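Novice: So the chains spell out like this:
Protein chains: 2
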Amino acid sequence: MIGFWFSFAAAVLTTASFVPQALLVLRTGKTEGISLTMYAMFTVGVACWLVYGAILGSWPMIVANLITLALASLILSLKIRDTIRDHQNAR
Amino acid sequence: MIGFWFSFAAAVLTTASFVPQALLVLRTGKTEGISLTMYAMFTVGVACWLVYGAILGSWPMIVANLITLALASLILSLKIRDTIRDHQNAR
Chain Y
62 MIGFWFSFAA AVLTTASFVP QALLVLRTGK TEGISLTMYA MFTVGVACWL VYGAILGSWP
122 MIVANLITLA LASLILSLKI RDTIRDHQNA R
Chain U
62 MIGFWFSFAA AVLTTASFVP QALLVLRTGK TEGISLTMYA MFTVGVACWL VYGAILGSWP
122 MIVANLITLA LASLILSLKI RDTIRDHQNA R
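If you read the sequences in order, they're chains Y and U. Everything in the first sequence is counted per the working numbering, starting at 62 for the first residue and increasing by one. Everything in the second sequence is counted per the working numbering, starting at 62 for the first residue and increasing by one.
Extracted from the complex, chain Y is given alone in its bound form:
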């Protein structure tokens, strides 16, 4: 039973943790300290967890990774936008 609660807390915390990061980026428009490589790798990784969850038919994995995928993709797209803008300004 205690295992369930650790996995539940882990899933909620690691999923929900991307909400404050997404809100911070949306609010400040700043992605300077954020690694493009990290979010590219992380987003693909979460997509793989999503596929794995679908293969297992595990609804908790599917729901948690769908939310994380949406948030990570949002942060990744804002970071890509800023990286393109910085490159254009550097010309």
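To be clear, the hints were calculated from the coordinates, so they are not data collected in a lab. Small disclaimer: the values here were computed from a predicted structure and weren't measured. The beta-carbon is built from N, C-alpha and C at its ideal position, and this holds for glycine as well. Just to be clear, a hint being listed does not mean it is correct.
Now the in silico label distances, taken between C-beta atoms and shown as ranges [to be verified]:
#, chain 1, residue 1, chain 2, residue 2, range
1, Y, F65, U, P121, 17 to 27 Å
2, U, T98, Y, F65, 36 to 46 Å
3, U, W120, Y, Q149, 43 to 53 Å
Footprint (simulated), chain Y over chain U, 3 or more residues, beta carbon under 8 Å [stated by the list, open to error]:
#, segment
4, 62-75
5, 86-99
6, 110-119
With chain Y held as given, fit chain U onto it using these hints.
Specialist: Showing chain U alone in chain Y's frame:
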């Protein structure tokens, strides 16, 4: 079998993704765009995954989450350091 490869790719990508973020923060010393709340929640969440992996006796979960915990804790500690410094400068 395909499920194994998706879970393996997912674990490697989501774990390894924190390496470029940690290197970026160490190299630039900038944590401005990084959310302190995110890394606090995420670090606790990964610690919960680590405990869960230990309960299951799952070595892949233990190793992956130990690495992620080390990297996330490093980024969190650098973010806390900068947050304290910014507060002191604001006085």
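Novice: Now tell me if each hint is right for this structure.
Specialist: Going through the hints against the structure:
no.: 1; hint: F65(Y) x P121(U): 17 to 27 Å; verdict: holds (20 Å)
no.: 2; hint: T98(U) x F65(Y): 36 to 46 Å; verdict: violated (26 Å)
no.: 3; hint: W120(U) x Q149(Y): 43 to 53 Å; verdict: holds (47 Å)
no.: 4; hint: 62-75; verdict: holds (count 10)
no.: 5; hint: 86-99; verdict: holds (count 10)
no.: 6; hint: 110-119; verdict: holds (count 5)
In the structure shown, a violation is registered for the earlier hint numbered 2 alone.
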